[in-house]
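Asker: Line by line, the protein sequences give chains Z and X. Read in this note's numbering, the first sequence has 1 at position 1, and its numbers run on one by one without any break. Read in this note's numbering, the second sequence has 63 at position 63, and its numbers run on one by one without any break.
Keep in mind that the hints were calculated from the coordinates and are not lab data. Incorrect hints may appear among the rest.
Stated by the list, open to error - Restricting the straight-line Cα-Cα distance to at most 25 angstroms, the calculated cross-link-like pairs of lysine-lysine (DSS-like) are: (1) Z:K41 <-> Z:K55; (2) X:K42 <-> Z:K55; (3) Z:K55 <-> X:K92; (4) Z:K66 <-> Z:K42; (5) Z:K106 <-> X:K42; (6) Z:K106 <-> X:K2; (7) Z:K106 <-> X:K92; (8) Z:K42 <-> X:K92; (9) X:K2 <-> Z:K64; (10) Z:K41 <-> X:K45; (11) Z:K64 <-> X:K92; (12) Z:K66 <-> Z:K14; (13) Z:K106 <-> X:K45; (14) X:K45 <-> X:K92; (15) Z:K55 <-> Z:K66; (16) X:K2 <-> Z:K42; (17) X:K2 <-> X:K45; (18) Z:K20 <-> X:K42; (19) Z:K42 <-> X:K42; (20) X:K2 <-> Z:K41; (21) Z:K41 <-> X:K79; (22) X:K42 <-> Z:K41; (23) Z:K42 <-> X:K45; (24) Z:K106 <-> Z:K55.
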Amino acid sequence: GAVVSQHPSRVICKSGTSVKIECRSLDFQATTMFWYRQFPKKSLMLMATSNEGSKATYEQGVEKDKFLINHASLTLSTLTVTSAHPEDSSFYICSARDLRDTTNEKLFFGSGTQLSVL
Amino acid sequence: RKEVEQDPGPFNVPEGATVAFNCTYSNSASQSFFWYRQDCRKEPKLLMSVYSSGNEDGRFTAQLNRASQYISLLIRDSKLSDSATYLCVVNKGGSYIPTFGRGTSLIVHP
Chain Z
1 GAVVSQHPSR VICKSGTSVK IECRSLDFQA TTMFWYRQFP KKSLMLMATS NEGSKATYEQ
61 GVEKDKFLIN HASLTLSTLT VTSAHPEDSS FYICSARDLR DTTNEKLFFG SGTQLSVL
Chain X
1 RKEVEQDPGP FNVPEGATVA FNCTYSNSAS QSFFWYRQDC RKEPKLLMSV YSSGNEDGRF
61 TAQLNRASQY ISLLIRDSKL SDSATYLCVV NKGGSYIPTF GRGTSLIVHP
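If we strip away everything but chain Z, and leave its shape as in the complex, we get (with noise of 0.2 angstroms):
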């Protein structure tokens, strides 16, 4: 089946500093990816849909600054966390729908980032 590999699973970083995660589609291309946050006990949030060749779409209440989005090919797509601090904490997680889904339905996901700010 197709399988996301998101990478790193962990993450431990100093406030301040900028963290990086990747998620890419290992067999299928991608032009859409989703880029969610989940904190404890709480359901996933979208943060942001990651569009191939153009800009991201970000939910209300998500800053772009903050939460640099890039999907530069069909396979890959990055989150960085910019001046990270203890608050953003939490499990990124990216999903992907292949191209070829024309019923737009199934979601494959990464197997998530966490992050943990100190």
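For chain Z, the structure is supplied; the task is to place chain X on it using the hints.
Answerer: Same frame as chain Z, but now just chain X:
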């Protein structure tokens, strides 16, 4: 009102029990519906899609009620391995952007 609402639980049931979860959605134009399973600190995994006519996959049955805007998941003969969080996912009408409920926690005990 939240777009997708679920009772967070936890639902604590013995092995062999039958348990049901509901999920309500606010956008009447929503087009497609799913149940995902998520284990702690892992990625969600698709459990089943939910079709208008209802569908069954082994011990799991999903149903959609468009008039009342809810979907349900029924698990029969619960196993210890069914312990997880069950996420309701609704695709926004027209845009296919998936919206997740906060999940319902299920704990199956011996």
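Asker: Give a verdict on every hint.
Answerer: Here's how the hints hold up against the structure:
Straight-line distance between C-alpha atoms of K41 of chain Z and K55 of chain Z comes to about 31 angstroms, which puts the hinted pair past the 25 angstroms bound. Distance hint between K42 of chain X and K55 of chain Z is unfulfilled; the C-alpha atoms sit about 28 angstroms from each other, more than 25 angstroms. Taking the CA atoms of K55 of chain Z and K92 of chain X, the gap is near 21 angstroms; set against the 25 angstroms cutoff, the hint holds. Our distance criterion of 25 angstroms between C-alpha atoms is met by K66 of chain Z and K42 of chain Z, whose separation comes to about 22 angstroms.
Under the criterion of a C-alpha separation no larger than 25 angstroms, the hint pairing K106 of chain Z with K42 of chain X is consistent with the structure, at around 18 angstroms. Only pairs whose Cα atoms come within 25 angstroms are accepted, and K106 of chain Z paired with K2 of chain X is accepted, the gap being roughly 23 angstroms. Pair hint K106 of chain Z plus K92 of chain X holds up; C-alpha atoms about 14 angstroms apart against a cutoff of 25 angstroms. Proposed proximity of K42 of chain Z and K92 of chain X is supported: the alpha carbons are some 20 angstroms apart, at most 25 angstroms.
Taking the CA atoms of K2 of chain X and K64 of chain Z, the gap is near 23 angstroms; set against the 25 angstroms cutoff, the hint holds. For the hint pairing K41 of chain Z with K45 of chain X, the CA-to-CA distance comes to about 17 angstroms; that is within 25 angstroms, so the pair holds. Straight-line distance between C-alpha atoms of K64 of chain Z and K92 of chain X comes to about 22 angstroms, which keeps the hinted pair within the 25 angstroms bound. Restraint check: the Cα-Cα separation between K66 of chain Z and K14 of chain Z comes to about 16 angstroms, which is no more than 25 angstroms; the hinted pair holds.
For the proposed pair K106 of chain Z and K45 of chain X, the alpha carbon gap of about 10 angstroms is at most 25 angstroms, so the pair holds. For the suggested pair K45 of chain X and K92 of chain X, the alpha carbons sit about 20 angstroms apart, so the restraint of at most 25 angstroms is met. A hinted pair counts as satisfied when its Cα atoms are at most 25 angstroms apart, and K55 of chain Z with K66 of chain Z qualifies at roughly 15 angstroms. Only pairs whose Cα atoms come within 25 angstroms are accepted, and K2 of chain X paired with K42 of chain Z is accepted, the gap being roughly 13 angstroms.
Between K2 of chain X and K45 of chain X the CA atoms are separated by roughly 23 angstroms; this keeps the pair inside 25 angstroms, and the hint holds. Pair hint K20 of chain Z plus K42 of chain X holds up; C-alpha atoms about 19 angstroms apart against a cutoff of 25 angstroms. At roughly 13 angstroms between alpha-carbon atoms, K42 of chain Z and K42 of chain X fall within 25 angstroms of each other, so this suggested pair holds. Straight-line distance between C-alpha atoms of K2 of chain X and K41 of chain Z comes to about 17 angstroms, which keeps the hinted pair within the 25 angstroms bound.
Taking the CA atoms of K41 of chain Z and K79 of chain X, the gap is near 22 angstroms; set against the 25 angstroms cutoff, the hint holds. Only pairs whose Cα atoms come within 25 angstroms are accepted, and K42 of chain X paired with K41 of chain Z is accepted, the gap being roughly 13 angstroms. About 17 angstroms separates the Cα atoms of K42 of chain Z and K45 of chain X, which keeps this hinted pair within 25 angstroms; it holds. Of the supplied pair hints, the one linking K106 of chain Z and K55 of chain Z holds, its CA atoms being roughly 23 angstroms apart against a limit of 25 angstroms.
When the structure is compared with the earlier hints, violations turn up for hints 1 and 2 and for no others.
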